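Visitor: One line per chain: the protein sequences are V and R, in this order. Residue 360 is where the first sequence ends in the numbering used here, and the numbering goes up by one at each step. Residue 360 is where the second sequence ends in the numbering used here, and the numbering goes up by one at each step.
These are calculated hints, taken from the structure and not from any lab test. All the given hints hold, so there is nothing to weed out.
In this list, chains with the same sequence are indistinguishable; a pair is considered to hold if it fits within one copy or across any two.
In silico SDA-like links for lysine to any residue, alpha-carbon gap of 20 Å or less:
1) 318 with 214
2) 128 with 329
3) 128 with 326
4) 318 with 206
On a predicted model such as this, the values are computed, not experimentally measured, just so you know.
Number of protein chains: 2
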Amino acid sequence: MKSFSIGIDLGGTNLKGAVMDKDGKTRHITRIPTEAQKGGATVLANLLRLVEMLIEKEGGTDMIAGVGFGTPGFVDRDGMILGGAENLPGWKGTRVYDAIRERCGLAAAGANDVTIAALAESRFGAGRGVENMVCLALGTGIGGGIVINGCLYEGTHGMAGELGHIVVQTGGAPCPCGMRGCVEQYASATAIVRIAKELAPNYVESSKFAKEVILHPDRVTAKIVYDQVKKSDPLALQVNETVCEKLAIGIGIILNSLSPDRIVLGGGVMMAGHVIIDTVTKYVSQNCWPQIAQRCQIVAAELGEDAGLLGAGALVFDRIHGAC
Amino acid sequence: MKSFSIGIDLGGTNLKGAVMDKDGKTRHITRIPTEAQKGGATVLANLLRLVEMLIEKEGGTDMIAGVGFGTPGFVDRDGMILGGAENLPGWKGTRVYDAIRERCGLAAAGANDVTIAALAESRFGAGRGVENMVCLALGTGIGGGIVINGCLYEGTHGMAGELGHIVVQTGGAPCPCGMRGCVEQYASATAIVRIAKELAPNYVESSKFAKEVILHPDRVTAKIVYDQVKKSDPLALQVNETVCEKLAIGIGIILNSLSPDRIVLGGGVMMAGHVIIDTVTKYVSQNCWPQIAQRCQIVAAELGEDAGLLGAGALVFDRIHGAC
Chain V
37 MKSFSIGIDL
47 GGTNLKGAVM
57 DKDGKTRHIT
67 RIPTEAQKGG
77 ATVLANLLRL
87 VEMLIEKEGG
97 TDMIAGVGFG
107 TPGFVDRDGM
117 ILGGAENLPG
127 WKGTRVYDAI
137 RERCGLAAAG
147 ANDVTIAALA
157 ESRFGAGRGV
167 ENMVCLALGT
177 GIGGGIVING
187 CLYEGTHGMA
197 GELGHIVVQT
207 GGAPCPCGMR
217 GCVEQYASAT
227 AIVRIAKELA
237 PNYVESSKFA
247 KEVILHPDRV
257 TAKIVYDQVK
267 KSDPLALQVN
277 ETVCEKLAIG
287 IGIILNSLSP
297 DRIVLGGGVM
307 MAGHVIIDTV
317 TKYVSQNCWP
327 QIAQRCQIVA
337 AELGEDAGLL
347 GAGALVFDRI
357 HGAC
Chain R
37 MKSFSIGIDL
47 GGTNLKGAVM
57 DKDGKTRHIT
67 RIPTEAQKGG
77 ATVLANLLRL
87 VEMLIEKEGG
97 TDMIAGVGFG
107 TPGFVDRDGM
117 ILGGAENLPG
127 WKGTRVYDAI
137 RERCGLAAAG
147 ANDVTIAALA
157 ESRFGAGRGV
167 ENMVCLALGT
177 GIGGGIVING
187 CLYEGTHGMA
197 GELGHIVVQT
207 GGAPCPCGMR
217 GCVEQYASAT
227 AIVRIAKELA
237 PNYVESSKFA
247 KEVILHPDRV
257 TAKIVYDQVK
267 KSDPLALQVN
277 ETVCEKLAIG
287 IGIILNSLSP
297 DRIVLGGGVM
307 MAGHVIIDTV
317 TKYVSQNCWP
327 QIAQRCQIVA
337 AELGEDAGLL
347 GAGALVFDRI
357 HGAC
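The following block holds chain V by itself, in its conformation from the complex:
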């Protein structure tokens, strides 16, 4: 059995790749620009070039089981990009498995980038040691990944885990998906900024930060809001409560549905640290059966930016070696 895989994390800015083993130990980590604006054909050419660079560094494909990749959007069973990757124009419709097989002679396995980050957390990170785990990545939007019995669950068409679009507020904030009140509109970095701006006028008396938000709304970021949470600013504290209360509604729905052993929260927003974990945990048991909440830990992701890369490599062992 071939002991290594190539993992590729396809981002809007960079393609990042590495050779890794089953324990998630990486070597030859390499980054090249995605050149997303040049279109799908260029992105594919760059992905193939990165795979070739890694094969060359490794000295051949003898020990390589295959190439795994994570991408924004959906990937079908034949390795075709089905859409949902708005920041990669022309990427939809690309047949990635065929291209990798033809050019490099290797089998390929691809999936949504957040989904495979969940796989990585399950194998090598905050989800280690439990059977059933759900990961939420709180970034510009919110993505999800579901691990069932230790294996990534993607659904028959690779589309499962769109957990950012669980509705948590009837008739709430409009979402680019076409619905209203999706959890993505309350607990993503984008939403945190919006909520801070919305609430600021109510806090001009008590919060210096509120005045700054009103004076310079364009300077507000999720990081700045959570820096203020650490300083116990009243506006920032209220934003955190609002964000976590809504996030807890979404997590409550996930708990009542799947009763996972662990919820792993990752993504840029989680740089804020444990204040989010603590506040969300407070609200979750009000939003599902308490017996289910008691049996689920809510924890922070551990792998940071490497999760996509590690998940891509792990996907190869699971899919091509048939471990899952």
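Given the structure of chain V, go ahead and fit chain R onto it with the hints provided.
Guide: Okay, now just chain R, sitting in the frame of chain V:
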């Protein structure tokens, strides 16, 4: 490998049991009263008596792989009832596997009754031929069951599938679970009656049925409402739209989360027939990613009252024979 199993469906009124094979073919179907009001010890004694009756009819346990049962509430991995079975006082805490092993010398496998009905639909009914399926039982309440890769998904603690408690209306109707706006409060038989009563005053001009609802509110049942839907009564039609719109929000959340190949709707309410399927289907694609909705069929359950029995028997083959 032993070819048969005993399946028991534990209801509030009757215990129903049968011997069955892997294809869901049953024999010796037997019913005895549950005697729920006499407490958990009596319920267990009756369950054991029913198993013994079936063993006697079968002429021994030589070909019996084990005993499966479905029960209201949750069952843990050791066969202990964890609660959630309010209509069976004293049933919580009962150790059913131990009792079956000691009395009958057979291995046992138990699960929530709605969950195993989903397993039955997956194997023998409306879920045949697909890998990933979610079942919603629209009865007095709403129960759920999730089948992933052809196997029942119950979560580590047997508590997954509480899909009746997906919140579909922020701050909506209070639910016995302690939350507000659960889908159970909008699409169960109980909810259909409540909604008919709530809407009736607006329809006194246009609907003869509305006048009856106001005059004799205690006579209204979900069946009567759907009989009026068939006659195109304006109140009943509006109730159906309200019910299905809210149900579609819950189904949309399930679709975005799990992207199943099929949603199977069962339970007493589905006696109403295809009007619910048609109306719900109309609303679902507005409540999730259309690409996911396009890849999911919404269908009616096929097995009716036998689903629990068949699922209990199937659970034995899955769990004890290790097929899942």
